[in-house]
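Single-letter residue listing:
There are 2 protein chains.
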Amino acid sequence: MVRLIALYSQPDDTDAFDEHYRDVHAPIVSRYPKVRDIRLTKLAGVAGRAAPYYLMAEMAFDSYDDLDEALSSEAGAASARDLRNFASAGVTLFVAPETPAEPIEAD
Amino acid sequence: MVRLIALYSQPDDTDAFDEHYRDVHAPIVSRYPKVRDIRLTKLAGVAGRAAPYYLMAEMAFDSYDDLDEALSSEAGAASARDLRNFASAGVTLFVAPETPAEPIEAD
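Chains H and X are the protein sequences, given in the same order. Under the numbering used here, the letters of the first sequence match residues 1 to 107, in that order. Under the numbering used here, the letters of the second sequence match residues 1001 to 1107, in that order.
None of these hints come from the bench; they were simulated from the model. Incorrect hints may appear among the rest.
The calculated lysine-lysine pairs, modelled on BS3-like cross-linking and capped at a C-alpha distance of 27 angstroms, are [as the list claims (entries may be wrong)]:
hint	chain 1	residue 1	chain 2	residue 2
1	H	K34	X	K1042
2	X	K1034	H	K42
3	X	K1042	H	K42
Covered by chain H, according to a simulated footprint, are these stretches of chain X (three or more residues, beta-carbon under 8 angstroms) [as the list claims (entries may be wrong)]:
hint	segment
4	1031–1045
5	1084–1095
So these bits of chain X aren't anywhere near chain H, every CB distance computed over 10 angstroms [what the hints assert, rightly or not]:
hint	residue
6	P1011
7	D1012
8	D1013
9	A1016
10	E1069
11	S1073
12	A1078
13	R1081
Ideal placement from N, C-alpha and C gives every residue a C-beta, glycine not left out.
Just chain H, with the same shape it has in the complex:
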């Protein structure tokens, strides 16, 4: 499983952001071919500090090939274009392969 992770910076107008994400962006992302799971999480701060990002979107694929296929699909291009419509505060994108860097066990 490979995750594409998008971290959205705090928008000026959270209601407008939420509405656009729900009504426009999420339907585009849900058209990604071979996307296995989409998880959206509104983030919270730690130890009294505000969260540096507002929303985390985790999009899971079975493989890097499936992820590449999604990004180069019509839906992938449309989702990239749509960012300017609601994510002007910024979005940080990266890929999290499933393989742990250094497997460690909790006690």
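Following the hints, position chain X against chain H.
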């Protein structure tokens, strides 16, 4: 499930970072009381851009109370103190509650 997420910025010396994380920091984090799962992922970029972070650590707890207990524990204080020893490039911390902001389904 509540996740504490730490995103480590790219270190100057990745070998030294990895060694310190594995030999010193991970054993401290594994002492967090009630931590259910620890997942470490080295991150990759998207569409030819470098990843903005080097390593993601996801630490899962059953509840916010358990997370608070971990952060205020001896291990929590020790892990915070240890950051200066290997994370001088920076670390971004936030909490991801499990509840989706807007549940959506993949096609």
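Which numbered hints does this structure break? none
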